[in-house]
Each structure stands twice: as structure tokens, then as C-alpha cells.
Amino acid sequence: MIFEMPDDKRGDEDLVKAYQQGDDSALTNLIKRYEAPLRRYVLFRSWVKEPSFIDDILQTICLIIFNGLRKEGFTPKGAGSFKAWAYRICNNICLDENQKVRRRESPLSQWYPDESPDELNEVKPEPATDPLVFEEQRTQLHRALDKLKPPERRLFELRRQSLSYKQIKEMPDFQRFSLGRLRLKYYEVMEKVKKLLSKE
Amino acid sequence: MKQCEKYKLDLLDYATGEMTFLTKAKQQKLFSHLRQCASCRKAFYDYESIYALAVTEAHTKRPEFRKRMDALIEQFKSSAQVKPAPTDVKTEIDSAAEKIHDYLKSSGRTLIPKLRDKTGLVDYPFYEAVSWLVMNDKAIYTKDKDNRPHYVSPG
Chain A
1 MIFEMPDDKR GDEDLVKAYQ QGDDSALTNL IKRYEAPLRR YVLFRSWVKE
51 PSFIDDILQT ICLIIFNGLR KEGFTPKGAG SFKAWAYRIC NNICLDENQK
101 VRRRESPLSQ WYPDESPDEL NEVKPEPATD PLVFEEQRTQ LHRALDKLKP
151 PERRLFELRR QSLSYKQIKE MPDFQRFSLG RLRLKYYEVM EKVKKLLSKE
Chain B
1 MKQCEKYKLD LLDYATGEMT FLTKAKQQKL FSHLRQCASC RKAFYDYESI
51 YALAVTEAHT KRPEFRKRMD ALIEQFKSSA QVKPAPTDVK TEIDSAAEKI
101 HDYLKSSGRT LIPKLRDKTG LVDYPFYEAV SWLVMNDKAI YTKDKDNRPH
151 YVSPG
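Protein chains in written order, with our numbering: chain A, 1 to 200; chain B, 1 to 155.
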């Protein structure tokens with residue numbers, strides 16, 4: 001189950017200890033607590049937004065975290081230390097992957113600028129890392145989306161599934177729009193969502 | 001402000017990974033502008049932030065992602081007999097590279113669009129896998145007169 005905060009009320013460090021002592025449910029609950037906030041962080045940091053690219057990055061991050069937790073003698077120290085450690089790993093992997101995309105001689109990397117956008121990354125505000133804050137923000141977003149008109153909501157939801165303008169244009173509701181018009185409509189919807197969120 | 005108006009749609013497209021309208025030249029102009037304009041930078045970060053929050057749920061529910069995460073958690077359960085090394089877990093690029101390599105071995109030199117169709121792969125991971133194969137001498141790009149990759153041959 002995703003986005004149902006586990007009933008497990010144990011803190012992160014207690015879950016780590018429990019997993020290291022053989023409680024597998026502690027590992028499952030820990031990753032379910034952080035899966036979505038970590039994904040959001042990676043999406044925000046990465047210059048490539050494609051879902052399967054993000055999947056690969058998340059898999060790498062989880063592997064490093066899990067292997068770390070299994071190391072003999074590893075203990076996150078102090079409250080909040082598991083979170084800080086996990087996000088440090090996340091940040092480093094994202095930086096590496098952005099560099100790789102820029103360096104690769106790949107037709108895919110033709111889409112990414114020659115000049116480094118990393119200086120923009122350095123001044124980006126950090127997205128919320130705390131799972132509870134993330135859940136609150138997600139709830140606020142849902143409240144904002146509920147205030148959209150049905151066609152606006154539909155367009156937002158289709159882009160939310162990472163469908164391109166070309167793919168959306170093939171759908172019955174949107175066939176009458178040009179790509180340029182669709183693009184403008186999506187901009188109008190995003191601006192509306194932005195305004196609604198700023199009132200929350 | 002007139003300058004900012006020019007970039008508003010490009011900003012949103014880039015922040016949400018929509019590349020249909022964004023040529024490389026447009027991206028570079030966009031980034032030049034973002035370096036100078038604090039209000040456009042703020043708009044860019046706002047769109048990225050909303051988009052990342054919105055798509056997280058949809059992305060995480062995808063069956064292919066759930067399968068990978070469940071398999072990963074299973075491998076790291078305390079009761080797991082074998083302790084996995086990172087290379088035990090195949091990425092999407094590894095699988096794509098295998099598919100492409102097998103096709104090239106049996107069919108030889110192939111035009112890039114045809115190779116993508118025959119392997120049934122989408123842009124990512126197709127292009128990433130081809131690049132990996134080329135970098136590891138398992139495939140060779142032949143370029144056209146504009147110096148863009150045209151054919152791929154087995155290495």
C-alpha cells in the first residue's frame with residue numbers, strides 16, 4: 001500500500017535497530033515511509049524527469065541504504081540521523097546522475113543544455129524531506145486539485161502521468177486542440193494550482 | 001517583463017520534462033535568462049516543486065516500479081539466504097542493452113529507428129543502452145553527414 005503512512009509509530013532509528021535485530025517489517029515500514037519523499041526529492045533534483053530514469057536512481061539509492069544498514073556496527077547517531085544520512089546519499093547520487101547525463105554521448109543527452117545548469121541546482125530551495133511534511137503538502141495539493149474544473153483537472157492528471165502533449169492530443173477530449181493551445185492550457189492550469197496552493 | 005513573458009511556457013515545459021517544443025538552442029537561451037532573472041527562477045522552482053509532488057504518487061504506483069521495490073526489499077530481508085551484491089539487481093538499461101545486443105548479433109547493422117522498433121524500447125532506456133554498448137565496444141555508431149548517429153552495428 002502506498003501513501004498510507006504505516007501504523008508503525010517507531011522512530012526511524014528504532015526501525016533501523018529493529019531491522020538489524022531481524023525484524024523484516026521494520027525494513028518494509030522504513031522504506032514505505034521514505035519511498036515517496038525520496039522520489040520527490042530525486043524528481044526535483046534531477047534534470048531528467050522520465051519515470052524509469054528516476055526508478056533507476058531510486059534503486060541505486062535504496063541499494064546503498066540497505067547495504068549500509070546491513071553493515072556490522074552501523075548505527076545512525078542521534079535523532080534525525082537516518083533521515084540526514086539517507087538524503088545525503090540521495091543528493092550525491094542525483095549530482096552524479098546529472099553529470100553523467102551531461103557527459104554522455106547519447107542522443108538522449110541532446111535534450112540537455114551544454115552549459116551546466118548545476119549553478120541553478122545550488123540555489124534551489126530544498127523540497128521537504130520529512131515524511132509527515134510531505135504528506136501534508138500532498139494533502140494540500142489534492143485540496144487544490146479538487147477546486148479545478150473537470151477539464152482542467154483531467155489535463156493536470158494526464159500530465160501527472162508524464163504523458164506528453166502529443167500523447168494527450170490523441171485523446172478524444174483534446175483532439176480539437178493544437179499542440180500550442182494544449183501547452184497554453186496546461187500553463188493556465190499550473191498557474192491556477194500555484195495560486196490555490198499559495199492560499200493554503 | 002516582456003523578456004519573461006517570452007519564456008513562461010518554456011519554463012514550465014522544462015520543469016515538467018516536456019521536451020516537444022524545447023530545442024537545445026531554446027534551452028540554452030532559457031538557462032541564460034534564468035541566470036539573470038530571479039522571478040523566473042522562482043517560477044521555475046515552483047513548477048518543478050508542484051510537478052514533483054504531483055507525479056510522485058503516479059510514478060510510485062506503476063506496476064514495474066512496485067515489482068522492483070518489492071524484489072529489492074525481499075532480497076534484503078533478514079531471512080534472505082543470499083546476501084546480494086549491487087550487480088545482482090539489473091537496471092532497465094542492462095535489460096535494454098542485452099536486447100539490443102542480441103538483435104544486432106542476429107541482424108547486423110541496423111538503422112536506429114528500426115532498431116528501436118524491433119526491440120520495442122522507448123527513448124529512455126533505448127538511447128542510454130545504445131550509448132553504453134558503444135562505450136563498451138559492444139556496438140558501433142555510424143554517423144550521417146550531419147555527424148548524427150544513423151546506424152548501429154555489432155561491435
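Fair warning: there could be bad hints in the mix.
[Unchecked claim] With a cut-off of at most 35 Å between alpha-carbon atoms, the simulated DSBU-like pairs for lysine-lysine come out as follows:
(1) B:K138 - A:K194
(2) B:K67 - A:K147
(3) A:K166 - B:K24
(4) B:K24 - A:K185
(5) A:K199 - B:K67
(6) B:K8 - A:K194
(7) A:K169 - B:K77
(8) A:K100 - B:K143
(9) A:K166 - B:K77
(10) A:K192 - B:K143
(11) B:K67 - A:K71
(12) B:K29 - A:K194
(13) B:K6 - A:K195
(14) B:K6 - A:K100
FYI, nobody ran anything at the bench for these hints, they're computed from the structure. Since the structure is predicted, the reported quantities are computational estimates derived from the model, not experimental observations.
Consistency of the hints with the structure:
Using a Cα cut-off of 35 Å, the hinted pair K138 (chain B) and K194 (chain A) is violated, with the two alpha carbons roughly 48 Å apart. For a cut-off of 35 Å, the pair hint linking K67 (chain B) to K147 (chain A) stands: about 34 Å separates their Cα positions. Note on K166 (chain A) and K24 (chain B): the hinted pairing holds, with a Cα-Cα distance of about 19 Å set against a maximum of 35 Å. Our distance criterion of 35 Å between C-alpha atoms is met by K24 (chain B) and K185 (chain A), whose separation comes to about 24 Å.
Between K199 (chain A) and K67 (chain B), the direct Cα distance comes to roughly 38 Å. Violation of the 35 Å bound is thereby established for this hinted pair. Restraint check for K8 (chain B) and K194 (chain A): satisfied, since their Cα atoms lie roughly 14 Å apart, inside the 35 Å limit. Using a Cα cut-off of 35 Å, the hinted pair K169 (chain A) and K77 (chain B) is violated, with the two alpha carbons roughly 45 Å apart. With a C-alpha separation of about 22 Å, the suggested pair K100 (chain A) and K143 (chain B) falls inside the 35 Å cut-off, and the hint holds.
Simply put, K166 (chain A) and K77 (chain B) have alpha-carbon atoms about 43 Å apart, too far for the 35 Å limit, and the pair is violated. Taken as a hint, the K192 (chain A) and K143 (chain B) pair is broken in the structure, with Cα atoms around 46 Å apart against an allowance of 35 Å. Of the supplied pair hints, the one linking K67 (chain B) and K71 (chain A) holds, its CA atoms being roughly 25 Å apart against a limit of 35 Å. Using a Cα cut-off of 35 Å, the hinted pair K29 (chain B) and K194 (chain A) holds, with the two alpha carbons roughly 25 Å apart.
At roughly 21 Å between alpha-carbon atoms, K6 (chain B) and K195 (chain A) fall within 35 Å of each other, so this suggested pair holds. The hinted pair formed by K6 (chain B) and K100 (chain A) meets the criterion: a straight-line CA distance of about 30 Å does not exceed 35 Å.
Hints 1, 5, 7, 9, 10, counting from the list given before, are not met by this structure.
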